Amino acid sequence: MKLVEIEDLVTELSDGQSWMRAVDGVSLAVQRGETVCLVGESGSGKSVTALSLMGLLPEARHRHPRGRIRLFGEEGVALDLLGAGEEVLAQVRGRRIGMIFQEPMTSLNPVLTIGEQLDEALQLHHPGMPDDERAARIVAALEEVRLPDPQGRVREYPHRLSGGQRQRVMIAMALICEPELLIADEPTTALDVTVQAGILALLRELQQRRGMGVLFITHDFGVVAQIADTVGVMRRGVLVESGRADDVLRRPQHEYTRSLIAALPERLVRSRRERPAGQPLVEVRDLRVHFPVRRGFLRRVVDQFRAVDGVSLSVREGEVLALVGESGCGKTTLGRALLRLLEPTAGEIRLEGRDITRVPQRALRTLRRRMQVVFQDPGSSLNPRLPIATTLLEPMRVHGIGVDDDERQARALALLERVEMPADSLWRYPHEFSGGQRQRLAIARALVLEPRFLLCDEITSALDVSVQAGILRLLRRLVDEDGLGLLFITHNMGVVEFLADRMAVMHDGRLVEDGITAEVLRAPREDYTRRLLAAVPRLDGALVEG
Amino acid sequence: MTEATEIDTRPVQRSRPWSRQVLAALVRRTGARLGLAWIGVLVLVATFAPFIANTHPLYLVVDGHASSPALAHLEPVDWIWLTGFFLAVALACVPGRLWLRVLAWLCGIAVATGLAYALVAPPVLVVYEQYRELEASGAVERIVRAPIPYSAKDYLRDYGDTGIEAPLAVAERRHWLGTEENGADVAARMIHAARIALGIGFIATGIALVIGTLIGGLMGYFSGVVDIIGMRLVEIFEAIPTLFLLLTFVAFFGRSIYMMMIIIGITSWSGYARYVRAEFLKLREQEFVQAAVACGLPLPSILFRHMLPNGLAPLLVAASFGVASAILAEATLSFLGLGLVDDPSWGQMLNQAVQSSTFNWWLAVFPGGAIFLTVFAYNLIGEALRDAVDPHTQRTMQGAGR
Chain A
1047 MKLVEIEDLV
1057 TELSDGQSWM
1067 RAVDGVSLAV
1077 QRGETVCLVG
1087 ESGSGKSVTA
1097 LSLMGLLPEA
1107 RHRHPRGRIR
1117 LFGEEGVALD
1127 LLGAGEEVLA
1137 QVRGRRIGMI
1147 FQEPMTSLNP
1157 VLTIGEQLDE
1167 ALQLHHPGMP
1177 DDERAARIVA
1187 ALEEVRLPDP
1197 QGRVREYPHR
1207 LSGGQRQRVM
1217 IAMALICEPE
1227 LLIADEPTTA
1237 LDVTVQAGIL
1247 ALLRELQQRR
1257 GMGVLFITHD
1267 FGVVAQIADT
1277 VGVMRRGVLV
1287 ESGRADDVLR
1297 RPQHEYTRSL
1307 IAALPERLVR
1317 SRRERPAGQP
1327 LVEVRDLRVH
1337 FPVRRGFLRR
1347 VVDQFRAVDG
1357 VSLSVREGEV
1367 LALVGESGCG
1377 KTTLGRALLR
1387 LLEPTAGEIR
1397 LEGRDITRVP
1407 QRALRTLRRR
1417 MQVVFQDPGS
1427 SLNPRLPIAT
1437 TLLEPMRVHG
1447 IGVDDDERQA
1457 RALALLERVE
1467 MPADSLWRYP
1477 HEFSGGQRQR
1487 LAIARALVLE
1497 PRFLLCDEIT
1507 SALDVSVQAG
1517 ILRLLRRLVD
1527 EDGLGLLFIT
1537 HNMGVVEFLA
1547 DRMAVMHDGR
1557 LVEDGITAEV
1567 LRAPREDYTR
1577 RLLAAVPRLD
1587 GALVEG
Chain F
-12 MTEATEIDTR
-2 PVQRSRPWSR
8 QVLAALVRRT
18 GARLGLAWIG
28 VLVLVATFAP
38 FIANTHPLYL
48 VVDGHASSPA
58 LAHLEPVDWI
68 WLTGFFLAVA
78 LACVPGRLWL
88 RVLAWLCGIA
98 VATGLAYALV
108 APPVLVVYEQ
118 YRELEASGAV
128 ERIVRAPIPY
138 SAKDYLRDYG
148 DTGIEAPLAV
158 AERRHWLGTE
168 ENGADVAARM
178 IHAARIALGI
188 GFIATGIALV
198 IGTLIGGLMG
208 YFSGVVDIIG
218 MRLVEIFEAI
228 PTLFLLLTFV
238 AFFGRSIYMM
248 MIIIGITSWS
258 GYARYVRAEF
268 LKLREQEFVQ
278 AAVACGLPLP
288 SILFRHMLPN
298 GLAPLLVAAS
308 FGVASAILAE
318 ATLSFLGLGL
328 VDDPSWGQML
338 NQAVQSSTFN
348 WWLAVFPGGA
358 IFLTVFAYNL
368 IGEALRDAVD
378 PHTQRTMQGA
388 GR
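Chains A and F, in that order, are what the protein sequence lines are. Start counting at 1 in the first sequence, then tack on 1046, and there's your number in this note's numbering. Note that this note's numbering gives residue 205 to position 218 of the second sequence, counting from 1, and the numbers run on in steps of one.
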């Protein structure tokens, strides 16, 4: 039975001067008891489609030249949503259509308790319900999403909950009025894989129990494979392919869908590589980074937070070591301490056999040439006020690479070519580049000093799969050609599979397991690694092909 | 975030730096245009004050002997203003880095100041009446006067005890804006007072900016003990009442416009320090700053090249409001009768409006209007600047599309 039908929807957004077509003739339907996944890269219009459905686009900044969205009731009565008045939409939102957003950290109001926020929706849509019934229903809703201790949580504020727990509260809030349709806009993107697995299982179970329709928006094909009955693939506002999930994922018809699936890191073609047998470039022995926990009026140190707690690892020349772990496990802290951007509490760091753990910052400056870093966020990895030329030339000037600026510029140009960027990038500013291009430029900045060791901290996690594939290939080539040592911090197992020679798994500041990538993925020795790998959503069941 | 892989074949084209973009965004706004136009008029008036309002004729021929008394009576300050103005115009046409040109301008001003006080020696005894007497005696063959033929300190003694007069009250002498209690032309005094208004705003704010940026930057970058000491210093300076300190200094050391600028400057830096500190604390964790550290760049480069330009935006906005408040502080002091004795200032004229037994509206309306317009202009610029540097307003203008 049809629940929602979108017919030939066109949504245009305005920037104040011109209109940009965000959704271009999308038609799709959600049946009762069915999960429809909209997949696409950023900017493909999948979120705008959902927001059009809810009537949540900014007033006067959007218009619908064409299209119709109808919500069907139990008796087959259709309600036209597109162009419906605010009062009609207010009755529909929350009551008949629930919505979950991506960012669990900001989608709950921090100054209201969880109970109050759930109560608000109930009061609005069921004004006649007595207080004790509402209270009972709130506890029942929290119980349904399996929040531990729902009685006590009712009076808690959102900051007391973890990201996964908040997303559970968001789901409870979206479901408390028992909507017929649930729209989930990338609800698990900001969460760790193990948490994501729990949330996906919960959504699946709730949907089956209630017979809801779910419109699930994601960019992750692994998630699609886990949850979808029907899939729609979007690109630049157009629905290029739709059909049953099995069909679309196993036998994609449209070229774009094929290219997207082929760009998944676990599907990328790996070249056969020799076991790197070079000298150890960077060695870490029993590294500890502790942060003091201060409390009270005199800010006494009451405890130590052990971000990195006794980690030993080494990276050889021409080798990629992937450091894997969930958020908060200390992998980024380890990376920063390794580069001496953070002072380690104890342990030893050796760079090319030389102990650099206690070298003073001034003397370290010359050593910094040998080890470079690329960071996660493409938005802030380059100085927005400087043209790329200055960003690239200044480090060379400081370290005395090149005789004059002409020679340095020639080097910078050669490097831009290596990272596959046009030469006129030199005279542009970071904001003129896309996220993937900025990460390429950040790699160029790191390579400008001809380092032997490169640290990459989640550098592709903010990028679309097709862009990520390009960057991963580039990195592998750089390592193979120059014999760099690369420590790649990530949480994406597909990336590990493609890129890494060896991998190390980190949990709660400790190294749980390390070894050859294929061996660890195929036969993990530790429980934690097994749980982590089991939670990774995959297109196909097998972890390692062949 | 789709990656464009096609390579541009166009000739290498440089993009506009951030400062240009902000300037363009600023000039697009009507408020900023009005504000900048008024400040521009003030700068012109202040620079060319001796040629706009002067008792000394611009050009005079007596007994076949041609001279320019106005030029001969130019004081060192006049020369400094003129060189500063023309240097700024010249440097604006020269290509180069903005901060280098600003530095060149400041050096030029310093040199001009030294030269002006060493070389320029106008006649010590100034007799304003002589030209009017000469003219009356018929000895003048040719005379070109300034549009307002009265100097700021020309009290018109030759007309007897003139005193306060409403605008256009006396037919024989035309005072467009009337005269003040000593008989000097209000328009002429207001024109010369524009210098004090501009000077005190810029210099006091400049001093505050330099101190605030340095202390705030150090606090933000090093944090820890430096931060704790710095913040206590900020709190101490915030506890000092500027007006009271000014009154004390005036009482002990006499009246000096430069002292006023310095005192206003060194008591108002705390706000800027807080801004810079907050920005630096935020920026220090940014990845491009971390990357700069990881590249082994020296500290001055990290602080002034990678952090300061990114934290400048709120500072600029605060500074334009700071200029307005410095002008108001000077006006307040002058109104209270603690400003300069003989030199004209808008606040001092306001004071005269209520000093005599009658209320002299022209002494209230014109200088009051000038103060209002100037403060309003700086506030308009500050407001527009805030919009221009704010990425959020920029983004909503570009539209959000996911």
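Read the hints as simulated data drawn from the structure, not as lab findings. Computed from a predicted model, the values in this text were never measured in an experiment. A portion of the hints provided could be inaccurate.
Unchecked claim - A partial selection of chain F residues facing chain A, derived with a Cβ cut-off under 8 Å:
hint, residue
1, S2
2, Q117
3, L121
4, R219
5, Q277
Unchecked claim - Restraint ranges, calculated between C-beta atoms of paired labels, are given here:
hint, chain 1, residue 1, chain 2, residue 2, range
6, A, E1132, F, W86, 25 to 33 Å
7, F, P82, A, G1342, 55 to 63 Å
8, A, D1450, F, Q8, 29 to 37 Å
9, F, Y104, A, S1064, 52 to 60 Å
10, F, P82, A, S1064, 30 to 38 Å
11, A, L1135, F, Q8, 36 to 44 Å
12, F, Q8, A, Q1169, 31 to 39 Å
13, A, N1155, F, F231, 40 to 48 Å
14, F, A75, A, R1443, 25 to 33 Å
15, F, R7, A, A1409, 13 to 21 Å
16, F, A265, A, A1409, 47 to 55 Å
17, F, L85, A, R1443, 50 to 58 Å
18, A, G1122, F, A265, 53 to 61 Å
All C-beta atoms, glycine included, are put in the ideal place defined by N, C-alpha and C.
Results for each hint:
1. S2: holds (5 Å)
2. Q117: violated (59 Å)
3. L121: violated (61 Å)
4. R219: Violated - the Cβ of R219(F) stays beyond 8 Å from chain A, reaching only about 16 Å at its closest.
5. Q277: holds (6 Å)
6. E1132(A) to W86(F): 25 to 33 Å: Roughly 52 Å apart at Cβ, these two residues miss the hinted range, so it is violated.
7. P82(F) to G1342(A): 55 to 63 Å: holds (59 Å)
8. D1450(A) to Q8(F): 29 to 37 Å: holds (30 Å)
9. Y104(F) to S1064(A): 52 to 60 Å: holds (58 Å)
10. P82(F) to S1064(A): 30 to 38 Å: Given about 34 Å between the Cβ atoms, the range holds.
11. L1135(A) to Q8(F): 36 to 44 Å: holds (39 Å)
12. Q8(F) to Q1169(A): 31 to 39 Å: Taking Cβ atoms as reference, Q8(F) and Q1169(A) lie about 48 Å apart, which means the hint is violated.
13. N1155(A) to F231(F): 40 to 48 Å: holds (45 Å)
14. A75(F) to R1443(A): 25 to 33 Å: holds (31 Å)
15. R7(F) to A1409(A): 13 to 21 Å: violated (40 Å)
16. A265(F) to A1409(A): 47 to 55 Å: violated (32 Å)
17. L85(F) to R1443(A): 50 to 58 Å: This hint is violated: roughly 21 Å between Cβ atoms.
18. G1122(A) to A265(F): 53 to 61 Å: With a Cβ separation near 59 Å, G1122(A) and A265(F) satisfy 53 to 61 Å, so the hint holds.
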